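Going down the list, the protein sequences come from chains A and B. If you're matching positions, the first sequence starts at 1 in the numbering used here and goes up one per residue. If you're matching positions, the second sequence starts at 257 in the numbering used here and goes up one per residue.
Simulated from the structure, these hints should not be mistaken for laboratory data. A hint or two may mislead.
Stated by the list, open to error - Computed footprint of chain B on chain A; a stretch qualifies when at least three of its residues, placed anywhere within it, have a C-beta under 8 Å from a C-beta of chain B:
1) 62-75
2) 96-106
3) 183-193
4) 222-231
5) 238-248
Claimed, not checked - In silico SDA-like pairs for lysine to any residue, Cα to Cα no more than 25 Å straight-line:
6) A:Lys225 to B:Arg380
7) B:Lys379 to A:Gly17
8) A:Lys92 to A:Asn41
As the list claims (entries may be wrong) - Pair by pair, the computed Cβ-Cβ distance ranges are:
9) B:Phe362 to A:Pro16: 32 to 40 Å
10) A:Arg89 to B:Arg275: 51 to 59 Å
11) B:Phe362 to A:Asp121: 28 to 36 Å
12) B:Ile443 to A:Leu90: 36 to 44 Å
13) A:Gln192 to B:Gln469: 22 to 30 Å
14) A:Lys248 to B:Trp365: 47 to 55 Å
15) B:Gln469 to A:Arg59: 35 to 43 Å
16) A:Leu249 to B:Trp365: 32 to 40 Å
17) B:Pro274 to A:Val149: 30 to 38 Å
18) A:Ala137 to B:Ser375: 30 to 38 Å
What you are looking at is a predicted structure, and each value in this text was computed from that prediction instead of being measured. C-beta: ideal position from N, C-alpha, C; glycine also.
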Amino acid sequence: MNLTLKVWRQAGPTAPGQFETYEARDISEDMSFLEVLDVVNEDLNDRGIEPIAFEHDCREGICGSCGVMINGQAHGPGFRTATCQLHMRLFKDGDSITVEPWRAASFPLIRDLVVNRSAFDRIIESGGFISVNTGSAVEANMIPIPKVVSDAAMDAAECIGCGACVASCPNGAASLFTAAKMQHLNLLPQGQAERWQRTQSMVETMEDFFGSCTSHGECQFACPKGISIDVIAYMNRDYLKSMSKNRKLGGQGLTT
Amino acid sequence: MATQSSTEAAVRPVNRRPRPMPWPLNIYQTAVGKKWVMAITGLMEIGFLVMHMLGNLKIYLGASALNHYAEGLREFGDPFAPREAVLWILRIGLLVAVVLHVHAAFSLWRMNRRTHPESYRSKRDYIAANWASRTMRWTGPIVLLFIFYHLSDLTFGGQNPSFQNGEVYHNVVASFSRPSVAAFYVIANLALGVHLFHGAWSMFQSMGINSPQYNSLRRVFAVLLTIAIIGPNISFPIAVQLGIVG
Numbered sequence: 001m002n003l004t005l006k007v008w009r010q011a012g013p014t015a016p017g018q019f020e021t022y023e024a025r026d027i028s029e030d031m032s033f034l035e036v037l038d039v040v041n042e043d044l045n046d047r048g049i050e051p052i053a054f055e056h057d058c059r060e061g062i063c064g065s066c067g068v069m070i071n072g073q074a075h076g077p078g079f080r081t082a083t084c085q086l087h088m089r090l091f092k093d094g095d096s097i098t099v100e101p102w103r104a105a106s107f108p109l110i111r112d113l114v115v116n117r118s119a120f121d122r123i124i125e126s127g128g129f130i131s132v133n134t135g136s137a138v139e140a141n142m143i144p145i146p147k148v149v150s151d152a153a154m155d156a157a158e159c160i161g162c163g164a165c166v167a168s169c170p171n172g173a174a175s176l177f178t179a180a181k182m183q184h185l186n187l188l189p190q191g192q193a194e195r196w197q198r199t200q201s202m203v204e205t206m207e208d209f210f211g212s213c214t215s216h217g218e219c220q221f222a223c224p225k226g227i228s229i230d231v232i233a234y235m236n237r238d239y240l241k242s243m244s245k246n247r248k249l250g251g252q253g254l255t256t
Numbered sequence: 257m258a259t260q261s262s263t264e265a266a267v268r269p270v271n272r273r274p275r276p277m278p279w280p281l282n283i284y285q286t287a288v289g290k291k292w293v294m295a296i297t298g299l300m301e302i303g304f305l306v307m308h309m310l311g312n313l314k315i316y317l318g319a320s321a322l323n324h325y326a327e328g329l330r331e332f333g334d335p336f337a338p339r340e341a342v343l344w345i346l347r348i349g350l351l352v353a354v355v356l357h358v359h360a361a362f363s364l365w366r367m368n369r370r371t372h373p374e375s376y377r378s379k380r381d382y383i384a385a386n387w388a389s390r391t392m393r394w395t396g397p398i399v400l401l402f403i404f405y406h407l408s409d410l411t412f413g414g415q416n417p418s419f420q421n422g423e424v425y426h427n428v429v430a431s432f433s434r435p436s437v438a439a440f441y442v443i444a445n446l447a448l449g450v451h452l453f454h455g456a457w458s459m460f461q462s463m464g465i466n467s468p469q470y471n472s473l474r475r476v477f478a479v480l481l482t483i484a485i486i487g488p489n490i491s492f493p494i495a496v497q498l499g500i501v502g
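Next up, chain A with everything else stripped away, as it sits in the complex:
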């Protein structure tokens, strides 16, 4: 099939940007969206035009680097897929597809479709460590964990940090990311020692960079891992508890 791509081109962080229109010819419906960008880039390269810069790594939906806005949806119209897993069979011959980078104040644009997502690293850093013994891994059943709890923690731990939640949120909030990263530890026995310190510092660091949740619910549908906004409710609950616990515990050595 033949497609028309409208792609955001911007030479650098402060350079002016605009949409450029490219033709993608002889696209197989079995291709992924990134492979279409590869085809377009080969053509641009042959014509001596600077190829489109886009971030990608694993191309199997686990690294979280390939997120872009496709036709106004984060990661495009696929259900629970990252851009690399978006099959072209979801599009029709002759379709016009608009591709735009994530837009948020804390995701500054580096080039074309690539943004700097290191604000997420600041949130993870502020979460700190969990207290476990080093050495070889303990016997898996030494710590009893109810099945429902380990399932819920695993659902939250699926987050690949792609930034689709921030990108899709009309407020530019990172509540889904932060709550997922926080809750997969808060739910488990191994995460209890530093639970309240982690909760408070991750929420506060999140708010240095991102907006506030108004429960649009857009993020849970943009999420390629289908993480539910239930984790945001758990975060809100844990945050209020953490404020009172940290006060009683002298902040567990919390320095903000």
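Fit chain B to the supplied structure of chain A, relying on the hints for placement.
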């Protein structure tokens, strides 16, 4: 590939972190805490709306029933508290709730403008965000402006064509007999309904009231609450206009 300057795309905090105040005031210094305050004050406002609507239904029982109810509000607490004392305590509580609700909304709106300054150049295709959730910032101020007019109309009487203190039934009929005012009341209540439809659901999320067993009921609750409050409310100006009341 040209090397890009790392300083240009560097990530710096967008929001300024305030100096922490003592507990529990420090809760209100974060957005999550502000959402808690918005949820709790919103719940207080919903409580008021339900009582206000139930009391106003007395209009269908006639002038003496409504006026007697209005007098009862002033005498509430008798003989333990002076006349109007309990009423004023409730009024001050509600006023504090409204002020906090508006302040939290305004500061969160400013925060979200800082963190999301650029909108997408291409058209967004929203999946879950509905019309109600995206117009909270408009329906809120509409309702606030309506409250000022409503107080001036039926509490203080400044906007009322023939205001008589204590004659609630007369004042309501006099006000709602004006077609433009009746239409304004209906429109303002529809805006309130849109606000409630999202707020009455969203407050559960803000307060972390979330359990897979009853999550689907939260939306049902919001819809039923909105209909239960807004339905009777818009019936009052319509009833006066149709001559059912008056």
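Which of the numbered hints are not met once you compare them with the structure shown? 3, 14, 18
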